[in-house]
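Quick note: the sequence shown uses the numbering used here, first residue 1, plus one each step.
Check before you lean on any hint, since a few could be wrong.
[To be verified] What follows is a set of in silico ranges between Cβ atoms, one per label pair, in the way DEER data are often shown:
1. Pro159 with Glu126: 15 to 21 Å
2. Gly21 with Asp70: 22 to 28 Å
3. Pro111 with Glu131: 36 to 42 Å
4. Leu36 with Thr112: 28 to 34 Å
If you're looking for bench data, these hints aren't it; they were derived computationally from the structure.
Every residue, glycine too, gets a C-beta built ideally from N, C-alpha and C.
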Amino acid sequence: MYEPSADVFERAKACFLDGLGSFQAGHFAQAEQQYLASLALLPARASTLINLAATQLLLARPDDALASADAALGAEPDSPDALLHRGNALAQLGRTEEALAAFERLLAIDPTHASAWSSRGSLLREMNRPEEAAGAYREALRHGAAPELNAYYLASVAPTSAPPTAPAGYVAALFDGYADEFDSHLVGSLRYQGHRRLVDTLAAAAGTGPYRSA
1 MYEPSADVFE RAKACFLDGL GSFQAGHFAQ AEQQYLASLA LLPARASTLI
51 NLAATQLLLA RPDDALASAD AALGAEPDSP DALLHRGNAL AQLGRTEEAL
101 AAFERLLAID PTHASAWSSR GSLLREMNRP EEAAGAYREA LRHGAAPELN
151 AYYLASVAPT SAPPTAPAGY VAALFDGYAD EFDSHLVGSL RYQGHRRLVD
201 TLAAAAGTGP YRSA
């Protein structure tokens, strides 16, 4: 088994942390290059591949995101974050049944994964299965998903007495941090209706920051 030197490990870690900082600042193209630089030093590292997949989703490149998520699953077959990004990539590619299977596999591993429930709800909504979508959004809320955002999603499939209003944070998330890649992101979001998964993916990926030593 390949054991990197301490120097290689620290350089790869530095690239990873630079990528995480760029990602959190909304500089997704830069983050992608920094994650790739980290992987050039330490290939097949699950934590880096997971973050790379999240970044590629936000760059509206689901094919690349799927490849990165699958590579992460090759290293960690039961990784919830890798399965989440795999499901979101497949959904953006229109491979809805495969996407649904990815979310269901994730939820079999971790039934409390709020982002998976939310993404599953968005997919079921796109598949014109509103009752199941509503159930998924309720589970997302029960397990701690962003309450305002997921209540808005829920109201879109389960009619309420008043029309749902998009929460301010939801609107802001569509535009903040897009200075470098606004045009391509806007096209990607419109084409894939990916705005619902954008926030969930961002939140999920932000939790994969620690650079594990094993």
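Going through the hints against the structure:
The given range of 15 to 21 Å is respected by Pro159 and Glu126, whose C-beta atoms sit roughly 18 Å from each other. Range check, Gly21 to Asp70: Cβ separation about 26 Å, and the 22 to 28 Å hint holds. At roughly 20 Å, the beta-carbon separation of Pro111 and Glu131 lies outside the given 36 to 42 Å, and the hint is violated. Distance hint check for Leu36 and Thr112: the Cβ-Cβ separation is about 32 Å, which falls inside the suggested range of 28 to 34 Å.
Violation of the numbered hints given earlier is confined to hint 3; every other hint is satisfied by the structure.
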